[in-house]
Amino acid sequence: MKRHNARILTVLALYNMDFNNYNDEDSIKCFEDIKNLEREYEYQVEIDYQYSEKLFLGIMKHLDEIDATITNSLVNYTIDRLSYVDRAIIRNAIYEMKYEMLPKNIVIDEALLITREYSNLENDAQVKFNNRLLDNIAKNIYD
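Numbering (our numbering), first residue to last: 1066 to 1208.
These aren't lab readings, by the way, just hints derived from the structure by calculation.
Do not take every clue at face value.
Stated by the list, open to error - Computed list of lysine-lysine pairs in DSSO-like fashion (alpha-carbon distance at most 27 Å, straight line):
id, residue 1, residue 2
1, 1193, 1100
2, 1067, 1163
3, 1067, 1193
4, 1100, 1163
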């Protein structure tokens, strides 16, 4: 559960970065602010802050490459059409597959859980879309 919450924290920071069009310095400050807010209010959740920070900084470092992976995997769709939330979820999942080398089923399952919790569509359409996209990306990474 600590890692799941770390992923959510990372997705929230990525969302803020993208939505507000932050540069690298502002993005890192935003991540620190969100992390400190979580700690200040002492929410009743356990978060692996170290893992979340590792994810966020790693995604920032490889953002262009991660976005290229997304762009190359989309068919008749552009990365800009993805919602900010879904783009953040997909970026996080790609980083975990490509750079953390976590098993694809764990990464995709976690991404779909977060999609169900945070995506703006109430039906399963976005879950199915993200699942197909991540499956295509995983084939290129793991094969």
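Each hint, compared with the structure:
1. Annotation: proposed proximity of residue 1193 to residue 1100 is violated, straight-line Cα distance about 30 Å (limit 27 Å).
2. Our distance criterion of 27 Å between C-alpha atoms is met by residue 1067 and residue 1163, whose separation comes to about 21 Å.
3. Between the alpha carbons of residue 1067 and residue 1193 the distance comes to roughly 25 Å, so the proposed pair stays at or under 27 Å and holds.
4. Restraint check for residue 1100 and residue 1163: the C-alpha separation of about 25 Å stays at or below 27 Å, so the hint holds.
When each numbered hint is compared with the structure, a violation occurs for hint 1 only.
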